[in-house]
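Using the hints, put the two standalone chains together into the complex.
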Amino acid sequence: MKTLLFVLMLLISELALAQKILVIVNASNPLNSISSQQLQDFYFKRAKQWPDGSALRFFDRSEGSEERKEFLSSLLHRSTRQVDHFWIGQKLYSGASAPSQVNSDRMVTSLVARFPGGISYVSENFTQFKGVKVLTVTGD
Amino acid sequence: MPELSLGIYRLALIALSLILLPSLTLAAPSLESLSKRIDELEKQQEQLLLEASEPRPQVNSFLNDNLTFGGFYESAFYVVEGSDTDLQGANASNTLGFNLAADFSPKIRFVSQFLTGLSFPVMNQHNDPKGAATREFKTLDFGANVSQGYVEYSSSRAVNIQGGMGYVPFGYAFQQRELVQFVRRNGPQILRTTNLVAPLWNGVHLHGSFDQGKNDWGYNLYSFTPLFYPKQPGAGGRIWWASEDERVVTGLSAQTGKNEYESFETFGTDLRLDLHPFILKAEYIRQMAKEDDPWSAYLEPSVFIYQEEILLYAFGDYSNSPQNKSVAVAPSGTLDPYKKWEFGAGINWLPTSFTRFRLGFTYHDYVGTTATIDGINRDYYSLNVSAGVAF
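Going down the list, the sequences are from chains A and B. Its first residue numbered 1, the first sequence is counted upward by one per residue in my numbering. Its first residue numbered 1001, the second sequence is counted upward by one per residue in my numbering.
If we strip away everything but chain B, and leave its shape as in the complex, we get (with noise of 0.2 Å):
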């Protein structure tokens, strides 16, 4: 029996034999394939990011890399309610922007941005009794403009001059204006203080920055066009200082031109502090006026947490806007002024550094004499979720 056994065995292992040696052998060459063709696409590969990143005197498809075109999409939903403003909701704005830059040479470049939008803003948003209704969300209102669009000639990393127009460099905000750049909606009240800045430079913008150790110091020197006043040129400037790794910017900021009343100079200082995760921006603008200055600043403090997926940010934010004119409070070009805070928190989900969702909550609150009219409370506080992305 136990001979029998063994005779047995045997058989079963010549038979194993037999059905593993082919595929054994059958193996072999296969495995020899698959690394050849692994170096086959290895080099393929090579050779596109080869031709895609050859310097070339004319820009031929957008597989170039002398070629960049990119831009991002927000869509908001946005909630206020106060104590005289009904509860209402509405889908505030949905902003698509496309950049478009190409690099002619190593020293030459032309880079440009579009912007288009649909939205349902908040009329009468500062709920002067004036206005044709309280504070609500009405009509349908839509756009496109260029935003940017400039040609830069690139002498060295201290000299490069552009010509044409593009975000000014005023503090940090202005620099940031894209809306998924933003910790919170909209960004800080400096962007929407009336008067304050002009927000683009047109014309031409020398800009460069030079190494001090590990320090950086940066320069610009631009000209612009006053909304109010465009028949007289205005012109700005900004120095400002980097630590290493950029972990401080700090910077100064000036413009001076006229607008319809006077002329003015506007003066302006930022700070940003990256202590990765913890990041500070702080901001202050103020323009000399004959009387009462405007004047904006704000304090963002802001966390990354759970391996940067989730951004938490607070903020205090002041604005001080005698010129402003609010759209809806008749008649038109009435000056409807205010000083405000604006306290809140809230928090970004980027799944991935390319997306995000945000939830946050401001309350906005009038003070000085801007904080009844007529005995109507213009205080309220506003709900945002929102989704962005870019590409």
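Chain A with its partners taken away, still in its complex shape (with noise of 0.2 Å):
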């Protein structure tokens, strides 16, 4: 009984700590879902702009954070170190950069309500999207 009791309270702690994420853009943008193959290559930089064609800028969230953690894993199926390794051979064979790293959930919504093309993501807690929509992320 204590072993059950025991094992019980480990799947609530773990359930507990998973977090979950929403992707946020800003409330002008027209979109309301997006799908997870545009959500890495907008994180990824293989495409710069919105369908259309207005500048997108991606805010991620700062390193060892939880909600990047979560983000990477659940969203993107990488870990850090992978994406990490991904940027450093972007940065030495094409120039490109890693997105902008944001520390708060405060701040990446106040970021993402003051440029239009803005997309990031908030932990599933947060409740303040003044300037911003959470959009739905589909499979496909």
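These are computed hints drawn from the structure, not numbers from a lab. Remember, predicted model here, so these are calculated numbers, not experimental data. Think of the CB as a built atom: it goes at the ideal place given N, C-alpha and C, for glycine as much as any other residue. Among the hints, erroneous ones may be present.
Dumping the calculated DSS-like pairs for lysine-lysine here, alpha-carbon to alpha-carbon at most 25 Å [claimed, not checked]:
| hint | chain 1 | residue 1 | chain 2 | residue 2 |
| --- | --- | --- | --- | --- |
| 1 | B | 1290 | B | 1231 |
| 2 | A | 130 | A | 20 |
| 3 | B | 1043 | A | 133 |
| 4 | B | 1214 | A | 20 |
| 5 | A | 45 | B | 1214 |
| 6 | B | 1214 | A | 69 |
| 7 | A | 130 | B | 1036 |
| 8 | B | 1043 | A | 130 |
| 9 | B | 1339 | B | 1258 |
| 10 | A | 45 | B | 1107 |
| 11 | A | 20 | A | 45 |
If you anchor each label on the Cβ, the simulated ranges turn out as follows [to be verified]:
| hint | chain 1 | residue 1 | chain 2 | residue 2 | range |
| --- | --- | --- | --- | --- | --- |
| 12 | B | 1303 | A | 62 | 27 to 33 Å |
| 13 | A | 62 | B | 1199 | 34 to 40 Å |
| 14 | A | 134 | B | 1199 | 43 to 49 Å |
| 15 | A | 53 | B | 1265 | 39 to 45 Å |
| 16 | B | 1133 | A | 77 | 49 to 55 Å |
| 17 | B | 1291 | A | 31 | 58 to 64 Å |
| 18 | A | 53 | B | 1262 | 44 to 50 Å |
| 19 | A | 62 | B | 1377 | 53 to 59 Å |
| 20 | B | 1069 | A | 63 | 16 to 22 Å |
| 21 | A | 46 | B | 1314 | 30 to 36 Å |
| 22 | A | 46 | B | 1256 | 27 to 33 Å |
Dropping the structure here:
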């Protein structure tokens, strides 16, 4: 019984730690959903413009933050080390640099709200979406 | 007595309150000011980021996101020994690379790379008896050159055109030539097999990619200047396919041009499996020649362990280089053909994503008609220790 309780507690704590991520864009952005493939293209700068041709700016979260780890693993399916090595290669080969990194949910929301082509992500618990909207991430 | 004790307790409580109260009243405004200060700092940082993120028509400062400055440095110590090679070691290479890129608009950018190095290369590397001396580290060598420099116009993801010169998109290794990026020292023999592939495109390079469901397709078309017949440009191309999340990337590459002896066609295929933490790279390149075809192939499995701080690797790597000319094999320009296997393994320690220390071992096994020359066994082993950083 004790073992069962211990396992249950472990599971509950794991679930509590599993933080979901919300993808946000500027409120004026006409899109309501984004595919995981598009998200990868935007993050890795394979596409630098929105479908309507407007400039796109991806704001990443700080190195080592839980939000970044979760975003990279759950939505980009890569580890932080894989992504770091990708950007080293890009910088040396094609001069492309990684997206700017921002510290907090509040700051990143504020930046996306002020930049019409902005896109980023916040933790699921964040609630202050002034000037931004949440996109649904689809599988294809 | 109890009443007296109670009185003392009360007095003590009053004294404590008198001491703590001012500090508590002081703490409240200091927390408030701290919170304000954090808000101010966040606003300042936000402003800086906004300024750095705004696209501008011209390059202004290094703080601007539109100008990228980076590079790498690698230093390696190399030890060799063989049946006809004395045990010896030297700081074989020190290479510094600088990269500068600038976005002039969302569609136009400039990319450049400058390399400089100082080394003590191995002379008569393949131990040809025609050489003045046996295989050994000898004189100091240094050099500097522009390795990439092009202007790119991006019409869309599918159509990008570059003018200038850059690393040739032939297979995998030729696109990942930077030393810090290789899993093992100097990368595969494909890069060192003479006359196999022109390493730089020059002139025009057209490239692009397309989504097809969860997969990607891409292409490259370019012109290049053959190293040994520069008066007639060559042409090359590549098509590649990547699965979802780039777990499998594979491609076909080709070049056609002219060298000092004849026209040539070179074909290659490459495969990269990234089943993180396991990675497998394999490549095969063959040049169609009138007589002995130069060709090379390798297989290189690697695995990340210990929270991705350690990268272990092993490899088998073959090269047939009938047109090789080795440094210090007299007379100058004499052919020094070889067929060689390289087998090895090693460990990379990556304390951060941008720093790397490496220890590697390679056994160089000459085979076929080139296994011995005049009874001299050419096999040897090498050990390398190196440190690299990207910034």
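Hints, one by one, checked against the model:
{"no.": "1", "hint": "B/1290 <-> B/1231", "verdict": "holds, 21 Å"}
{"no.": "2", "hint": "A/130 <-> A/20", "verdict": "holds, 20 Å"}
{"no.": "3", "hint": "B/1043 <-> A/133", "verdict": "holds, 21 Å"}
{"no.": "4", "hint": "B/1214 <-> A/20", "verdict": "holds, 23 Å"}
{"no.": "5", "hint": "A/45 <-> B/1214", "verdict": "holds, 17 Å"}
{"no.": "6", "hint": "B/1214 <-> A/69", "verdict": "holds, 22 Å"}
{"no.": "7", "hint": "A/130 <-> B/1036", "verdict": "holds, 21 Å"}
{"no.": "8", "hint": "B/1043 <-> A/130", "verdict": "holds, 16 Å"}
{"no.": "9", "hint": "B/1339 <-> B/1258", "verdict": "holds, 24 Å"}
{"no.": "10", "hint": "A/45 <-> B/1107", "verdict": "holds, 12 Å"}
{"no.": "11", "hint": "A/20 <-> A/45", "verdict": "holds, 23 Å"}
{"no.": "12", "hint": "B/1303 <-> A/62: 27 to 33 Å", "verdict": "holds, 29 Å"}
{"no.": "13", "hint": "A/62 <-> B/1199: 34 to 40 Å", "verdict": "holds, 38 Å"}
{"no.": "14", "hint": "A/134 <-> B/1199: 43 to 49 Å", "verdict": "holds, 47 Å"}
{"no.": "15", "hint": "A/53 <-> B/1265: 39 to 45 Å", "verdict": "holds, 41 Å"}
{"no.": "16", "hint": "B/1133 <-> A/77: 49 to 55 Å", "verdict": "holds, 54 Å"}
{"no.": "17", "hint": "B/1291 <-> A/31: 58 to 64 Å", "verdict": "holds, 60 Å"}
{"no.": "18", "hint": "A/53 <-> B/1262: 44 to 50 Å", "verdict": "holds, 48 Å"}
{"no.": "19", "hint": "A/62 <-> B/1377: 53 to 59 Å", "verdict": "holds, 57 Å"}
{"no.": "20", "hint": "B/1069 <-> A/63: 16 to 22 Å", "verdict": "holds, 19 Å"}
{"no.": "21", "hint": "A/46 <-> B/1314: 30 to 36 Å", "verdict": "holds, 32 Å"}
{"no.": "22", "hint": "A/46 <-> B/1256: 27 to 33 Å", "verdict": "holds, 29 Å"}
In this structure, none of the earlier numbered hints is contradicted; all agree with it.
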